[in-house]
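Based on the sequences and whatever the hints tell you, model everything.
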Amino acid sequence: MKFVDEFREPGVIGKACGEIRRLADPNRHYRFMEVCGGHTHAIYRFGLKDLLPPNIELVHGPGCPVCVLPMGRIDDGLSIGKDPDVIFTAFGDMMRVPGTQGSPLEHKARGMDVRIVYSPSDALELAKKNPGKHVMFFAIGFETTAPSTALILMRARALGLHNFSVFCNHVTIIPAIRAILDSPDMRIDAFIGPGHVSTVIGCRPYDWIARNEGKPIVVAGFEPVDVLQSIVMLLEQLNKGEAKVENQYKRVVPWEGNHAALKAMGEVFELRPYFEWRGMGFISQSALKIRSAYAEWDAESRFHVPGVRVTDPKAAQCGEVLKGVLKPAQCKLFGKECTPERPVGALMVSSEGSCAAYFNYEHRKNAVLTSIGA
Amino acid sequence: MTTTLPKLRFRDTQIEMAHGAGGKASRRLVEGLFAPLLCGNMTEPLGDAASVGINGTRVFITADSFVVSPLRFPGGSIGELAVNGTVNDLAVSGAKAEALVVTYILEAGLPTPILEAEVRAMAKAAACAGVLVVGGDTKVVEHGKADGMYITTAGIGHAIPGFALSAASVRPGDQVLLSGPIGDHGITILLARGELDLEAELCSDTRSVLPMVQALAQAAGPAIRWMRDPTRGGVATSLNELARDCGLSILLFEDQVPLRGAVRGACELLGLDPLHIANEGQFLAIVAPEHADAALAAIGPDAAIIGEIREQPAGTVVGANGYGGTRVIDMLVGDPLPRIC
Numbered sequence: 000m001k002f003v004d005e006f007r008e009p010g011v012i013g014k015a016c017g018e019i020r021r022l023a024d025p026n027r028h029y030r031f032m033e034v035c036g037g038h039t040h041a042i043y044r045f046g047l048k049d050l051l052p053p054n055i056e057l058v059h060g061p062g063c064p065v066c067v068l069p070m071g072r073i074d075d076g077l078s079i080g081k082d083p084d085v086i087f088t089a090f091g092d093m094m095r096v097p098g099t100q101g102s103p104l105e106h107k108a109r110g111m112d113v114r115i116v117y118s119p120s121d122a123l124e125l126a127k128k129n130p131g132k133h134v135m136f137f138a139i140g141f142e143t144t145a146p147s148t149a150l151i152l153m154r155a156r157a158l159g160l161h162n163f164s165v166f167c168n169h170v171t172i173i174p175a176i177r178a179i180l181d182s183p184d185m186r187i188d189a190f191i192g193p194g195h196v197s198t199v200i201g202c203r204p205y206d207w208i209a210r211n212e213g214k215p216i217v218v219a220g221f222e223p224v225d226v227l228q229s230i231v232m233l234l235e236q237l238n239k240g241e242a243k244v245e246n247q248y249k250r251v252v253p254w255e256g257n258h259a260a261l262k263a264m265g266e267v268f269e270l271r272p273y274f275e276w277r278g279m280g281f282i283s284q285s286a287l288k289i290r291s292a293y294a295e296w297d298a299e300s301r302f303h304v305p306g307v308r309v310t311d312p313k314a315a316q317c318g319e320v321l322k323g324v325l326k327p328a329q330c331k332l333f334g335k336e337c338t339p340e341r342p343v344g345a346l347m348v349s350s351e352g353s354c355a356a357y358f359n360y361e362h363r364k365n366a367v368l369t370s371i372g373a
Numbered sequence: 000m001t002t003t004l005p006k007l008r009f010r011d012t013q014i015e016m017a018h019g020a021g022g023k024a025s026r027r028l029v030e031g032l033f034a035p036l037l038c039g040n041m042t043e044p045l046g047d048a049a050s051v052g053i054n055g056t057r058v059f060i061t062a063d064s065f066v067v068s069p070l071r072f073p074g075g076s077i078g079e080l081a082v083n084g085t086v087n088d089l090a091v092s093g094a095k096a097e098a099l100v101v102t103y104i105l106e107a108g109l110p111t112p113i114l115e116a117e118v119r120a121m122a123k124a125a126a127c128a129g130v131l132v133v134g135g136d137t138k139v140v141e142h143g144k145a146d147g148m149y150i151t152t153a154g155i156g157h158a159i160p161g162f163a164l165s166a167a168s169v170r171p172g173d174q175v176l177l178s179g180p181i182g183d184h185g186i187t188i189l190l191a192r193g194e195l196d197l198e199a200e201l202c203s204d205t206r207s208v209l210p211m212v213q214a215l216a217q218a219a220g221p222a223i224r225w226m227r228d229p230t231r232g233g234v235a236t237s238l239n240e241l242a243r244d245c246g247l248s249i250l251l252f253e254d255q256v257p258l259r260g261a262v263r264g265a266c267e268l269l270g271l272d273p274l275h276i277a278n279e280g281q282f283l284a285i286v287a288p289e290h291a292d293a294a295l296a297a298i299g300p301d302a303a304i305i306g307e308i309r310e311q312p313a314g315t316v317v318g319a320n321g322y323g324g325t326r327v328i329d330m331l332v333g334d335p336l337p338r339i340c
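Protein chains in written order, with numbering that gives the first Met the number 0: chain A, 0 to 373; chain B, 0 to 340.
Hints may contain errors.
[Claimed, not checked] Using 25 Å as the maximum straight-line C-alpha spacing, the simulated PhoX-like pairs for lysine-lysine come out as follows: (1) B:LYS144 - A:LYS81; (2) A:LYS81 - A:LYS107; (3) A:LYS81 - A:LYS132; (4) A:LYS326 - A:LYS48; (5) A:LYS107 - A:LYS127; (6) B:LYS144 - A:LYS128; (7) A:LYS132 - B:LYS144; (8) A:LYS14 - A:LYS326; (9) B:LYS6 - A:LYS107; (10) A:LYS239 - A:LYS14; (11) A:LYS128 - A:LYS107; (12) B:LYS6 - A:LYS335.
[Claimed, not checked] Computed footprint of chain B on chain A, listed as stretches where at least three residues anywhere in the stretch have a Cβ under 8 Å from a Cβ of chain B: (13) 0 to 7; (14) 41 to 47.
No lab work stands behind these hints: they were computed from the structure.
As the structure is a prediction and not an experimental result, all values here were calculated from the model.
C-beta atoms are modelled at their ideal positions from N, C-alpha and C, and glycine is treated no differently.
Set out below in structure tokens:
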């Protein structure tokens, strides 16, 4: 398969691994954070940790939008769905995320009209086909998905479609990285930068990480070769004592980003003064709000939502895992009270959440490596 | 009369779609609620069919319900699935289906030509599999309550000579055989629903696997330890059940698993693991290593050796890719593709 096979080719992978071993100083421990949940998933899915020398530690970052959404927002969205005239729509990732009264899927089983959509335009189409219902799209995601939500809101306004609204939970990546760098228990040497987000925002917004914080960052793709190459590039920078932004994912990410997408976002969204991130608390100017010109399509303006803050169960250590302070398996609930089937924290829900990735692909694996002689 | 009530382990507060998806939740429901209340102190692991002794003869029995939406899809339809599904459950239990009974749950307003087409499809599939349909039942529910129709089939069969199947007989070093490419059925249904704006040249793989199983019995019968058709939950779920039932580990060679380009492409796009996608015309067999080649030749050119039984880590399926990485392969969790059979 084109664009896939060439990035999983054993020869190329072997070469990149050789480079990594050559460049990594055996007397040094490296902590690289992959910001994006897509990378976390790829690292476990492809068993990439097995290919790295033990002194290269990959730390999972906050770039899983489902994982950083506080439970109160899920409750708020579901409270709108309780109206029998409302069809609650969301991406599949959201369906098993628990609210205080259960996940969207559990609400569906009890009779709520909950539908999985693959893009916001599916939700808009649903509204057109069901003029007697109100279709609410529960929007989540970083800058990756925010432009498509923006475009659909522009379309709804152009069409004068009044039975459609968006419950906006879009967040932005830069403030989250800043919060991690500001965190006192942060010990990261360099970053593997998010690939998908960067297709929209480009590479320039990461400049300050290199310039002010002195940390190298390489924007990377999601195939095994991409991740390994980005590690090579980070090691090369560290060995030379450099800190700059580099783009490994040039086949997809333009340095300047996607102007049209950014323009659509600017037209529809403004920054919220602050927004709560699960496990990380309130981060200022870290999320998007629908502008007043689009208030008619803003579910938060059209419906009353409880807006109650819900704290995570005390024993869950999602915040520490999100910031990379704890490994998933070091959380007290991991694999016991909290599993992908019965998640307590959101990191266990999304396949991009580090706990779910760790549970699905890594957990129980240690004995394996010996058994296959690796 | 006093009876001790069996202890129920099923704690889920309500039934959700995942309980019918064939993965972890289904297993919890069957083992935690149905089996303890209905089957008493079962010691045998739950298989695709049960065997009972009647007057000294061993008879195999199974039942399967079909709620697929849409009713017709490229390569098959609900009627054909309903016959093949039950024939296959018996076949992979080492039995040849002899007779089926059929229950139709029909929705008021179902056009007769649609029903007739499905009955014809069943007749054709039954003739093809060499099984008689000997009776059944019909119920009709109000319009809007059954998506056109649901079909249940139950079948009985007798043992195919030459097999001695049980998870307990599986040994380290045994080879894992797969009859052909996976994921065709699940992805075909997903695309047939037309919700994705994706198109592919792909057909359901629904078919009777009985001829292949019979060929296998002839070529390597006593060397075959265990078989299963990886329907809902896919190859990953079936192999996890085996790993648990035999207390051993399964090492899967991921790049040896036969997979069509269209299935692989759809899975890459949708973030699905082909190992979790349903099949309706494939089966897995565990075979003693010295008979693996003979078994492979008997099944046919699409078959492949996709893995090997190891001792550790017990109860776990591990995937090894072509470049030195490994991962744990778990059962299906949740229900990514509901109502596929």
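Structure-based check of all given hints:
| no. | hint | verdict |
| --- | --- | --- |
| 1 | B:LYS144 - A:LYS81 | holds, 23 Å |
| 2 | A:LYS81 - A:LYS107 | holds, 10 Å |
| 3 | A:LYS81 - A:LYS132 | holds, 13 Å |
| 4 | A:LYS326 - A:LYS48 | holds, 14 Å |
| 5 | A:LYS107 - A:LYS127 | holds, 22 Å |
| 6 | B:LYS144 - A:LYS128 | holds, 21 Å |
| 7 | A:LYS132 - B:LYS144 | holds, 21 Å |
| 8 | A:LYS14 - A:LYS326 | violated, 29 Å |
| 9 | B:LYS6 - A:LYS107 | violated, 29 Å |
| 10 | A:LYS239 - A:LYS14 | holds, 21 Å |
| 11 | A:LYS128 - A:LYS107 | holds, 20 Å |
| 12 | B:LYS6 - A:LYS335 | holds, 21 Å |
| 13 | 0 to 7 | holds (count 3) |
| 14 | 41 to 47 | holds (count 5) |
When held up to the earlier numbered hints, the structure conflicts with 8, 9 and fits the remainder.
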